[in-house]
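*Asks:* Starting from the given sequences, assemble the full structure and let the hints guide the process.
Protein chains: 2
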Amino acid sequence: MPPTAARADTRHGPRKRAGNGAVPRSDADGVGLDALVGHAGYAVRRFQIWIFQDFIKTLGEVDIRPTQYSVLTVIGANPGLSQMAVAKRLGIERARLVHLLDSLEQRKLVKRIKSKEDRRSHALHLTAQGETALEKFKRLAAEHERHVEAKIGKENRAQLLRILSGFT
Amino acid sequence: MPPTAARADTRHGPRKRAGNGAVPRSDADGVGLDALVGHAGYAVRRFQIWIFQDFIKTLGEVDIRPTQYSVLTVIGANPGLSQMAVAKRLGIERARLVHLLDSLEQRKLVKRIKSKEDRRSHALHLTAQGETALEKFKRLAAEHERHVEAKIGKENRAQLLRILSGFT
DNA sequence: GCCAATTGTTGTCGTCAACAACAATCTTTC
DNA sequence: GAAAGATTGTTGTTGACGACAACAATTGGC
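Those protein sequence lines, which keep their order, are chains A and B.
So the first sequence is residues 1 to 168, counted in our numbering.
So the second sequence is residues 1 to 168, counted in our numbering.
Certain hints may be false.
Stated by the list, open to error - Chain B stretches covered by chain A per the calculated footprint, using a threshold of three residues with CB under 8 Å from any CB of chain A:
| # | region |
| --- | --- |
| 1 | 47 to 53 |
| 2 | 72 to 80 |
| 3 | 139 to 148 |
By construction, these hints were calculated from the structure, which means they are not laboratory data.
Just so it is clear, the structure is predicted and the values come from calculations on it, not from any experiment.
Glycine included, every Cβ here is placed at the ideal spot set by N, Cα and C.
*Replies:* And the structure:
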């Protein structure tokens, strides 16, 4: 968020401090965030909203959302996985994956093949159409990643990936 | 990601590569993430899920969720703000803030006071009960923040806040 | 004074996490 | 080998959340 000229805000009452003598942090609108500054979760939430919106917009022409993209890449890199394995790997519930796969299967990008070894489970594969489509998705995702670099800087993006590598 | 011994996974079909000749990255389950590794959005999403779950658990005894906490701290640091100002500052919709405030007002933590200057808007204040409650919430939130430090390291957390400071 | 904009509110829609229940199917155990 | 328990995919519900659209009351520009 670039700094902007201060405008009149809609505050009604007088500015008052909570109790300690610290100077309140304020943004361009004059609204202080107080304890929120210094909370990793708040910064991460705001960043995640921005990054997802850019991803959705950048891959808007092919109508692929972040979760769909993650499912496709995992299946593409590991053909034959069961739904349970994909769900566990991506940290999504198997109940949620059912709907995701329903959608992707309708679009002829993925197919569920009944497993011979375990007749409860399905082996997941990309269709031929899904393979070529995924190549395009990856190009668009790379473009999105360049937007991230442009936003926070190449060095910072690399550091971010390093810091959070334990969560992937 | 440290290399780990591969275990038997639930894959049904044979491992196959997409198209390029790269070696697939794999986790402890032997399930490769392929293109997902190197995507900032994926790492951030996983981290955000972890951090929110820890926040919710750490503040579970007082039943305060991250968004509620952010609303309370902003009002506490800027008494008299209108709903519009709070919503804009936190990046939430004013329609969503209505329900959040309904809940917080029922719990006697916040009060809406009809403004004299602009009779469309409400001046938001913490109740006396809300002030003391927020102090406790802040202590618990600080405890949560120590969990984050323990998870990713003190240095990394500081770098993260620096990198993402533009989004708060 | 009139028209446009703003504020709070209500409502709908879609995404997503968290559960719970269920049938079909494996696996363990006796 | 049969009974008991666990797993897989599926369906459904609940609640938090973002995005939109409409509305009445009120304000401000002109």
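*Asks:* Confirm or reject the coverage of the region 139 to 148 of chain B by chain A under the rule of 3 or more residues with a beta carbon closer than 8 Å to the chain's beta carbons.
*Replies:* Contact hint for the region 139 to 148 of chain B vs chain A: holds, 4 residues under 8 Å.
*Asks:* Taking 8 Å as the Cβ threshold, is the statement that the region 72 to 80 of chain B is covered by chain A upheld or broken by the three-residue rule?
*Replies:* holds (count 7)
*Asks:* Test coverage of the region 47 to 53 of chain B by chain A using CB-CB distances below 8 Å; three residues minimum.
*Replies:* holds (count 6)
Against the hints set out earlier in the document, no violation occurs for any number.
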